[in-house]
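Engineer: Chains as they are written, first to last, in our numbering: chain A, 1 to 496; chain B, 497 to 992.
Bear in mind the hints are in silico, worked out from the structure with no lab data behind them.
Using N, Cα and C, we set each Cβ at its ideal position, and we do this for glycine too.
Incorrect hints may have been included.
Unchecked claim - Covered stretches of chain A, going by a simulated chain B footprint (3 or more residues, C-beta under 8 Å):
| id | stretch |
| --- | --- |
| 1 | 316-323 |
| 2 | 346-360 |
| 3 | 404-412 |
Protein chains: 2
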Amino acid sequence: MALSTGDQSQAVRNGLRTKVLTLHSMNPRVRRVEYAVRGPIVQRALELEQELRQGVKKPFTEVIRANIGDAQAMGQRPITFLRQVLALCVNPDLLTSPSFPDDAKKRAERILQACGGHSLGAYSVSSGIQLIREDVAQYIERRDGGIPADPNNVFLSTGASDAIVTVLKLLVAGEGHTRTGVLIPIPQYPLYSATLAELGAVQVDYYLDEERAWALDVSELHRALCQARGHCHPRALCVINPGNPTGQVQTRECIEAVIRFAFEERLFLLADEVYQDNVYAAGSQFHSFKKVLMEMGPPYAGQQELASFHSTSKGYMGECGFRGGYVEVVNMDAAVQQQMLKLMSVRLCPPVPGQALLDLVVSPPAPTDPSFAQFQAERQAVLAELAAKAKLTEQVFNEAPGISCNPVQGAMYSFPRVQLPPRAVERAQELGLAPDMFFCLRLLEETGICVVPGSGFGQREGTYHFRMTILPPLEKLRLLLEKLSRFHAKFTLEYS
Amino acid sequence: MALSTGDQSQAVRNGLRTKVLTLHSMNPRVRRVEYAVRGPIVQRALELEQELRQGVKKPFTEVIRANIGDAQAMGQRPITFLRQVLALCVNPDLLTSPSFPDDAKKRAERILQACGGHSLGAYSVSSGIQLIREDVAQYIERRDGGIPADPNNVFLSTGASDAIVTVLKLLVAGEGHTRTGVLIPIPQYPLYSATLAELGAVQVDYYLDEERAWALDVSELHRALCQARGHCHPRALCVINPGNPTGQVQTRECIEAVIRFAFEERLFLLADEVYQDNVYAAGSQFHSFKKVLMEMGPPYAGQQELASFHSTSKGYMGECGFRGGYVEVVNMDAAVQQQMLKLMSVRLCPPVPGQALLDLVVSPPAPTDPSFAQFQAERQAVLAELAAKAKLTEQVFNEAPGISCNPVQGAMYSFPRVQLPPRAVERAQELGLAPDMFFCLRLLEETGICVVPGSGFGQREGTYHFRMTILPPLEKLRLLLEKLSRFHAKFTLEYS
Chain A
1 MALSTGDQSQ AVRNGLRTKV LTLHSMNPRV RRVEYAVRGP IVQRALELEQ ELRQGVKKPF
61 TEVIRANIGD AQAMGQRPIT FLRQVLALCV NPDLLTSPSF PDDAKKRAER ILQACGGHSL
121 GAYSVSSGIQ LIREDVAQYI ERRDGGIPAD PNNVFLSTGA SDAIVTVLKL LVAGEGHTRT
181 GVLIPIPQYP LYSATLAELG AVQVDYYLDE ERAWALDVSE LHRALCQARG HCHPRALCVI
241 NPGNPTGQVQ TRECIEAVIR FAFEERLFLL ADEVYQDNVY AAGSQFHSFK KVLMEMGPPY
301 AGQQELASFH STSKGYMGEC GFRGGYVEVV NMDAAVQQQM LKLMSVRLCP PVPGQALLDL
361 VVSPPAPTDP SFAQFQAERQ AVLAELAAKA KLTEQVFNEA PGISCNPVQG AMYSFPRVQL
421 PPRAVERAQE LGLAPDMFFC LRLLEETGIC VVPGSGFGQR EGTYHFRMTI LPPLEKLRLL
481 LEKLSRFHAK FTLEYS
Chain B
497 MALSTGDQSQ AVRNGLRTKV LTLHSMNPRV RRVEYAVRGP IVQRALELEQ ELRQGVKKPF
557 TEVIRANIGD AQAMGQRPIT FLRQVLALCV NPDLLTSPSF PDDAKKRAER ILQACGGHSL
617 GAYSVSSGIQ LIREDVAQYI ERRDGGIPAD PNNVFLSTGA SDAIVTVLKL LVAGEGHTRT
677 GVLIPIPQYP LYSATLAELG AVQVDYYLDE ERAWALDVSE LHRALCQARG HCHPRALCVI
737 NPGNPTGQVQ TRECIEAVIR FAFEERLFLL ADEVYQDNVY AAGSQFHSFK KVLMEMGPPY
797 AGQQELASFH STSKGYMGEC GFRGGYVEVV NMDAAVQQQM LKLMSVRLCP PVPGQALLDL
857 VVSPPAPTDP SFAQFQAERQ AVLAELAAKA KLTEQVFNEA PGISCNPVQG AMYSFPRVQL
917 PPRAVERAQE LGLAPDMFFC LRLLEETGIC VVPGSGFGQR EGTYHFRMTI LPPLEKLRLL
977 LEKLSRFHAK FTLEYS
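Generate the whole structure from the sequences, applying the supplied hints.
Structural biologist: Here it is in structure tokens:
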């Protein structure tokens, strides 16, 4: 040790001492993590915003962050009832104020009664406030036409991401050829690839079918699974419905086929259903995996393991900043469920304001409540505008030569395919960039529009896409779509 | 595959199909995680509460959860100013209400201006709202007598736990004999042991000196390090100051010695300083690792890597439910810092209400503000009562035969040592329980007092302790301490 310390002192005198923690010595799994939704393109968008503030001249006056599903950042107003009840919970002195409706006060009192010390400032139990878990279970029952839900199978979380990571953590085991493999859709929401990389699990890609509006095809699941077996141990299947980034809404038949496949192949099912309120297309309807599973009866209903995730960040409320969410587990081994609770307890509890918000989302005002009319009107206005924006997006993109866009049946993104001229692809390769990253960076620099390249979500080799939210206000969205289409035409010309 | 499916179908007909995810097949690292603060004893406390509600007769009328530092659950009232500003942020319609002081309104407007869409409901950037990071940096500068802090080195988090886990994640690498080792104090706060187990890192124990009021002794660090080398690669040293569960406050000399040790042995320093506002004992003073490091000058100041953690959950405000916190990194490699930001971005952002709360904690009302007098009075009242409770705890326990308690210089727990008669130890072993777990369970069943056995934090072989918060209201705490002491006497008699 003396020698080594001496060497180090020498190095210090020469100013050569290296850090303990370097890119080289750090956790290699963390190094491999990628998360495109907030990746380099968003860093550049932040820089551009700063330059604009400093008065640097640009060909645009504002950066439009269409990279992330963040409704309120795009100007959507919070739902009045939700914020009234939350303000009352935060500052109960307001409970005597005449400026709040009675039902909002009752709801706040009910939530506070269920909090430690009657305060949002106390920790909750790690699985979340019992009353709220019960309300979530009732919500699920109503949603699923009366199929029972047990509050003991509901765990509140810090947004849906937190719960998804927790369930994936439970599933990861093995080394080398026996490492856990997890099937994820391509394109996917990059939380999945990032988490699997961090946990050292094997990502098994199954491709959604762009020609059929991004539908999930069970024969493709079979292909992916067969190919994966032998170099890992596939144990779980992730499904995102409605789709992110695809906007596809799965049919009931498809869901049944997926469940049969998971059952036969012994795969734990993770159903990311955070966009369950966001279905727009005529003929499309949200079917929960839980409901379909239960209606399939034996042997599926009583045995297939399932975790379904939901969130307060999406839907009509778009309360991303509060980080509310939950997971319902179905047919999970009781001892494993105890282990999950133990794991959650290390982080103490999900944010209590987010839990309170979730309670309001799962049990909104009833028709007889004073706040019902306004709540309903605000909710419908948001959903109707989202439906119009979904339609508009599809229309404008499909009118542009070289861009094709599947219908946005649900969720809040389009994932259009763009033709990129071979010379642009070559130029990107010279720059060491994915071709669609090159396109998106140029788009950002010249128009201020920030979208995420398809390569961040995964796509078939040789195809190029980007993900763009449909969240900007309708007229702004129209301008945006047109500007983007014109930029694509100009870009195509430039490299032809 | 056909055969295997056939076998499974047979098993299904026989009702023998096992779950995909079982205790046996799950992540073995997660299985090894332990977290005593919310462990089996707390599960039992919850059951007892339920039994009391159902009218089951018990030798007590309420369960007192002295297991966790949860001030508001113990009846501490939130600080008025914090909740006023938060309510205004949650429901900006209140900004026109005459019932809020002007400075609260100004603070709310300032925070909302810095939020996406001027709403707490938008995501923030993953490192936290820039304005709040700047306020945190200014707080650190004031705290450290003007030593500069760079907002770019401040990352907001979901409570301190989240940030601690993130930094530990970066540090974990290697396999077998080269696996990362992390030095942690014994007794420790079990977030550390739980996280290291989950990450597959090696926990290297160094013992605090109970005979010297739980002081940290650098020769013990040397012993622990030497012993660890050869079977792992020690790369980090965790320090908790003020101590949890010990209540010890480190001297400046001790901190200097720790920094020199970390520098010489090339260890990344993690300083858990969440109790920095909670110092009670005459002669004790909080010195931040950052300040001491900077004042030590070269070669330490410019090179020693350090991460310091703080939280909104403790201090005088006790806002645990909001999950606010931050980490300041010092001398961290720039590329690693980028990797940390990337890792945080996968979880999108810390809860925005918690960020807002943190902002108020780090920049409370100034003496010229209308809210100053009330804020200051409320703050002082909480801290003065905590100081009285710390003193009382030490007194009552030290008067009890067979219990000895070091001074509670800071933080919010006592960690008294209890003598357990040999026959009680034998009885515990027969039951397969740690002796102090046996004691704590009996205490809970007979008195309703819930404390955490020392074995959950670590202790020298053959010694027994428990951790108890000092948070119950003063008179209640007195009764509690006396009841606990009497129970110990009775327990000792029973097993003598």
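Engineer: Run the structure past the numbered hints and jot down the numbers of the failing ones, going up.
Structural biologist: 3
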